[in-house]
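Each chain is listed here by its residues.
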Amino acid sequence: MFSVFFLHHAVLLGIYIILTLSLNLINGYCGLFSLGHAGFMAIGAYTSAVFVNVLSHAFPEILSFAPIFFLFLSLLAGFAMTSFMGLLIGLPCMRLKGDYLAIATLAFGEIIHQIIINSQTLGGTKGYEIQPILVVQQSRQLMHIFGMDIPKKLFYQEFFLATTIVGVLGTFFLIRRLMSSAHGRAIHSIREDERAADLLGIHTVKYKLLVFFLGSGLAGFAGALYAQFMRLIGPADFDLMKTVTLLLMVVLGGMGNQGGIILATFILYAIPEILRADLLSFWITNMGFDPSLTMPIVHFSRILSSGFQIVYALLLIILMICRPQGIFGKKRNL
Amino acid sequence: MRPTLPVTASDLLKIQNLSKNFVGLKALSDVSFEVYEREILGVIGPNGAGKTTLFNLLTGVYPVSSGDMFLQNIHLNGLPGFRIASYGMGRTFQNIRLFKEMSVVENILVAFGTRVSLWDAWFHTEKFWAEETQFLKEAKELLSLFGLSEHAFKRSNDLPYGLQRKLEIARAIALRPKLLLLDEPAAGLNTTESEQLLTLVKRLPLEFNCALIVIEHDMQFINKICDRIVVLNHGEIIAQGNPCEIRKNPLVIEAYLGKHHDVDNAMTKSDE
Chain A
1 MFSVFFLHHA
11 VLLGIYIILT
21 LSLNLINGYC
31 GLFSLGHAGF
41 MAIGAYTSAV
51 FVNVLSHAFP
61 EILSFAPIFF
71 LFLSLLAGFA
81 MTSFMGLLIG
91 LPCMRLKGDY
101 LAIATLAFGE
111 IIHQIIINSQ
121 TLGGTKGYEI
131 QPILVVQQSR
141 QLMHIFGMDI
151 PKKLFYQEFF
161 LATTIVGVLG
171 TFFLIRRLMS
181 SAHGRAIHSI
191 REDERAADLL
201 GIHTVKYKLL
211 VFFLGSGLAG
221 FAGALYAQFM
231 RLIGPADFDL
241 MKTVTLLLMV
251 VLGGMGNQGG
261 IILATFILYA
271 IPEILRADLL
281 SFWITNMGFD
291 PSLTMPIVHF
301 SRILSSGFQI
311 VYALLLIILM
321 ICRPQGIFGK
331 KRNL
Chain B
335 MRPTLPVTAS
345 DLLKIQNLSK
355 NFVGLKALSD
365 VSFEVYEREI
375 LGVIGPNGAG
385 KTTLFNLLTG
395 VYPVSSGDMF
405 LQNIHLNGLP
415 GFRIASYGMG
425 RTFQNIRLFK
435 EMSVVENILV
445 AFGTRVSLWD
455 AWFHTEKFWA
465 EETQFLKEAK
475 ELLSLFGLSE
485 HAFKRSNDLP
495 YGLQRKLEIA
505 RAIALRPKLL
515 LLDEPAAGLN
525 TTESEQLLTL
535 VKRLPLEFNC
545 ALIVIEHDMQ
555 FINKICDRIV
565 VLNHGEIIAQ
575 GNPCEIRKNP
585 LVIEAYLGKH
595 HDVDNAMTKS
605 DE
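Same order as they appear, the protein sequences are chains A and B.
So the first sequence is numbered by the numbering used here: it starts at 1 and just counts up by one.
So the second sequence is numbered by the numbering used here: it starts at 335 and just counts up by one.
Extracted from the complex, chain A is given alone in its bound form (with noise of 0.2 Å):
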């Protein structure tokens, strides 16, 4: 079994992967420029959260009977509302380009933001903490479901593992088998010369709308599921740095590559966590290597530790420098 170190740090990679992805079909592969991500993050998370309190609350009977149904109802509430916001935020927003666009979703995610700030019954500053459905199943027998014995115990992380994973596996594949279809190849279009797109009988508005809905459902979702399995979510968790954050983790994977966008975030996920907790000094000291040797290598490594978000930055500026296009490039669907 793996550490809960490392299997808390895996489900939240999966969040963020479903994230990028979802930024990448709005940003990359359909070029709205949109900076509200964190936004529609927001909603999910908050609705999830609201939705399980308010049952806990109201119906704690029902929602002990079948907690992992009610759980995957949270995620999929998180999703349907933050999908009908992103068409309300969309609709408005069609006409918009480039700058002005991003502009006016940065303007939505500001709001969201500030929403949740100042909302009493959301937390505030202070945070909401959701109802912990499933630790309290842990000791209780699960039902026969399916002609399945589902375990007695039920190990809360792996849960959330398996169910983010399955949430990436989803993600990923939605948006390629979108991409590889002819619809995939108007929202292209549309991102090369919306125009020229429309003129050869695209109907740019309906794709634009799909691809608003799909990427807000999809980052609602993201949100829906780190709401649940952190069970505290605040203010902080969904600010414009996270939107940027994102943003840096899909310029630099390679807009409109999935694949790269995937490493990309594996990378920018992983560097300053483990210069925050200072891994690299751990895994050198216990490699079993002369002391002598892999001292120079520990003390420095630590001095990146503890500068970390200055190490961080200066990654992004050297990447951003060198290679503006992505470590991967923008994939050639050839």
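It is worth saying that the hints were derived from the structure and are not from the lab.
Since the model is a prediction, treat every value here as computed from it, not as a measurement.
Note that the Cβ used here is the ideal one computed from N, Cα and C, for glycine as well.
It is possible that some hints are incorrect.
[To be verified] 27 Å max Cα-Cα, derived BS3-like pairs, lysine-lysine:
(1) K461/B <-> K206/A
(2) K206/A <-> K434/B
(3) K434/B <-> K97/A
(4) K512/B <-> K206/A
[What the hints assert, rightly or not] Derived coverage of chain A by chain B (criterion: at least 3 residues anywhere in the stretch with Cβ under 8 Å from a Cβ of chain B; other residues may be distant):
(5) 190-198
(6) 216-229
Starting from the known structure of chain A, fit chain B onto it as the hints suggest.
Just chain B, lined up with the frame of chain A:
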């Protein structure tokens, strides 16, 4: 309720009193003409005469200030561009507008559109595969006709200029238009490329059962392919007729040079 106009059996496009104003500037003023099925109509005129504005009105890029446009029995005024395209109006552009990062064959496939739902696309149903197979077959035939087969999987931006022009026409033909608008298709081509394009364009009406409206400055190109010519100047029609009549028309000659010269010479000098 949209007005309908009874059209004759051979009328494909009917334009009546079409005008377009841009804040104090009359780009088109009271323009009326018809285009018949499988006809090649040339539209010529000095720079700024309103030729591309006419195309932009026909394809829904600009809203009409006054007048009406009918494609067969369909009133085009106020319709969005994609809707007009779906009714059978295709066009190319003065400056090439290919999907540069997409391959040659993908540019063609975009124009075919799709009839399958998202569900079919996500689950790769039989309907999806049947459509993709059919589209690829038709794209292959079209590319072969336009001499682009060997470049099918190259990025369209990597093609030489002359082939890019051909690809843009092929993409517009892939829309299966009833009426195809070609905006300066020979611009930037050398003599050989221009001749090849001329041969290709002449075949389009019979091979694809469509009419053409061609904007061109190359009078030799226009004279060799067009059945009729409409001449615009300062947004107004100053002459309509066959190439022979247009060449000798004093108003046309005056529009190009303001002196008594042959139109062909006038065009050569204005190009210089």
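Against the structure, the hints come out as follows:
A distance of roughly 22 Å separates the Cα atoms of K461/B and K206/A; the hinted pair therefore holds under the 27 Å criterion. Restraint check for K206/A and K434/B: the C-alpha separation of about 23 Å stays at or below 27 Å, so the hint holds. This hinted pair checks out: K434/B and K97/A have alpha carbons roughly 19 Å apart, not beyond 27 Å. This hinted pair checks out: K512/B and K206/A have alpha carbons roughly 25 Å apart, not beyond 27 Å.
Look at the region 190-198 of chain A against chain B: 6 of its residues bring a Cβ nearer than 8 Å to a Cβ of that chain, three or more, so the hint holds. A count of 0 residues in the region 216-229 of chain A with a Cβ less than 8 Å from any Cβ of chain B is obtained; the coverage claim is therefore unmet, three being the minimum.
Checked against the numbered hints given earlier, this structure breaks only hint 6.
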